[in-house]
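A.B. asks: Sequence:
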Amino acid sequence: MHWLKNIFSKKEKVNLELLCCDMHSHLIPGIDDGAKDLEQSIEMIRAFKELGYKKIITTPHIMSDYYKNTPDIILNGLEKVKNELTKNHIEIEVEAAAEYYLDENFEEKIKTKKLLSFGKNYVLFELSMFSEPPHLANVIFELQVAGYTPVLAHPERYPYWHKNIDQYDELRSKGVLLQLNLLSLTGAYSAEVKKTAQKLIDFQKIDFCGSDAHSKFHLQLLSENLHLPYLHKLMALELLNKTL
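The sequence shown begins at 2 in the working numbering and counts up by one.
There could be a bad hint or two in this list.
Claimed, not checked - Below are the EDC-like pairs computed for lysine to aspartate or glutamate, each with C-alpha atoms no more than 20 Å apart in a straight line:
{"#": "1", "residue 1": "Lys243", "residue 2": "Glu40"}
{"#": "2", "residue 1": "Lys206", "residue 2": "Asp167"}
{"#": "3", "residue 1": "Lys217", "residue 2": "Asp73"}
{"#": "4", "residue 1": "Lys206", "residue 2": "Glu193"}
{"#": "5", "residue 1": "Lys56", "residue 2": "Glu108"}
{"#": "6", "residue 1": "Lys200", "residue 2": "Glu239"}
{"#": "7", "residue 1": "Lys121", "residue 2": "Glu92"}
{"#": "8", "residue 1": "Lys83", "residue 2": "Glu108"}
{"#": "9", "residue 1": "Lys112", "residue 2": "Glu143"}
{"#": "10", "residue 1": "Lys195", "residue 2": "Glu225"}
{"#": "11", "residue 1": "Lys37", "residue 2": "Asp73"}
{"#": "12", "residue 1": "Lys243", "residue 2": "Glu51"}
{"#": "13", "residue 1": "Lys243", "residue 2": "Asp73"}
{"#": "14", "residue 1": "Lys50", "residue 2": "Asp73"}
{"#": "15", "residue 1": "Lys217", "residue 2": "Glu92"}
{"#": "16", "residue 1": "Lys69", "residue 2": "Asp104"}
{"#": "17", "residue 1": "Lys69", "residue 2": "Asp34"}
{"#": "18", "residue 1": "Lys196", "residue 2": "Asp167"}
{"#": "19", "residue 1": "Lys114", "residue 2": "Asp104"}
{"#": "20", "residue 1": "Lys121", "residue 2": "Glu85"}
{"#": "21", "residue 1": "Lys69", "residue 2": "Glu85"}
{"#": "22", "residue 1": "Lys217", "residue 2": "Glu85"}
{"#": "23", "residue 1": "Lys164", "residue 2": "Glu193"}
{"#": "24", "residue 1": "Lys115", "residue 2": "Asp167"}
{"#": "25", "residue 1": "Lys55", "residue 2": "Asp34"}
{"#": "26", "residue 1": "Lys56", "residue 2": "Asp167"}
{"#": "27", "residue 1": "Lys69", "residue 2": "Glu94"}
Everything labelled a hint here was simulated from the structure, so no lab data went into it. Small disclaimer: the values here were computed from a predicted structure and weren't measured.
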């Protein structure tokens, strides 16, 4: 353990190159609350490269009431980004999946078996920030029956679970993988989110980590906080990012 204390005391920066892949971001231009145009997309991708990433799986929002994206819209946007990368001689692997919001239409989308997944049929989904969905267990089951592995985005951000650490064990016992936002460790969302993120790392309940970058600013913030002790602790876990 002395080597860990040594790292923390020196404030050495964590090497994100070890992750290989970021699997949660919003860089396809103009289709959600992420990059507004192609120029911003390329700026973000350059920032990812500077952080050491070799691959990006970007995940635009799909939300019935706000971001009515479809696989075609997302994949067409991806093609534009990849063409611009080629034009600018920027070498990095970029793929697209989606971040699905658990709303009334998500279950219908599951039944089509045409979800935008990544890796080993992983599907990234998020919940309401205000209240736990009463049918969450059913949605998890339906995803699995359809052949997908559910990955819950930023579980540390849902305030209704902050006082109930056992809920995360229950989710994982149902086969749900958990994806932590790196920015949660900076305090960018709130002190309570940061505290919960640290607990999840302490208890080794994290399977993936992602930037959830919506802009170049988010990646700059991450770059400025690479010395954080809990980032080092997170990187010591057996994260699945490097398998993507």
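A.B. asks: A separate judgement is required for each hint: does it hold in the structure or not?
C.D. replies: Taking the hints in turn, this is what the structure says about them:
1. Lys243 to Glu40: Between Lys243 and Glu40 the Cα gap is close to 28 Å, so the pair fails against 20 Å, i.e. violated.
2. Lys206 to Asp167: Status holds; Cα separation ~11 Å.
3. Lys217 to Asp73: 25 Å, violated
4. Lys206 to Glu193: Satisfied, since the Cα-Cα distance of roughly 17 Å is no more than 20 Å.
5. Lys56 to Glu108: Distance of about 30 Å is beyond 20 Å: violated.
6. Lys200 to Glu239: OK: Lys200 and Glu239 at ~16 Å, within 20 Å.
7. Lys121 to Glu92: 24 Å, violated
8. Lys83 to Glu108: Since the Cα atoms of Lys83 and Glu108 sit roughly 31 Å apart, the hinted pair is violated (cutoff 20 Å).
9. Lys112 to Glu143: It holds: about 8 Å lies between the C-alpha atoms, which stays within 20 Å.
10. Lys195 to Glu225: 16 Å, holds
11. Lys37 to Asp73: 19 Å, holds
12. Lys243 to Glu51: 18 Å, holds
13. Lys243 to Asp73: 27 Å, violated
14. Lys50 to Asp73: 27 Å, violated
15. Lys217 to Glu92: Holds, at about 18 Å.
16. Lys69 to Asp104: The given pair, whose Cα atoms are some 12 Å apart, holds under the 20 Å limit.
17. Lys69 to Asp34: At roughly 12 Å apart (the allowed maximum being 20 Å), Asp34 and Lys69 satisfy the hint.
18. Lys196 to Asp167: 15 Å, holds
19. Lys114 to Asp104: 17 Å, holds
20. Lys121 to Glu85: 28 Å, violated
21. Lys69 to Glu85: Violated - the C-alpha atoms of Glu85 and Lys69 are around 24 Å apart, more than 20 Å.
22. Lys217 to Glu85: 17 Å, holds
23. Lys164 to Glu193: Holds, at about 10 Å.
24. Lys115 to Asp167: 32 Å, violated
25. Lys55 to Asp34: Roughly 24 Å between the alpha carbons, so the hint for Lys55 and Asp34 is violated.
26. Lys56 to Asp167: Cα-Cα ~33 Å, so violated.
27. Lys69 to Glu94: 26 Å, violated
Violated hints, in rising order: 1, 3, 5, 7, 8, 13, 14, 20, 21, 24, 25, 26 and 27; the structure is consistent with all others.
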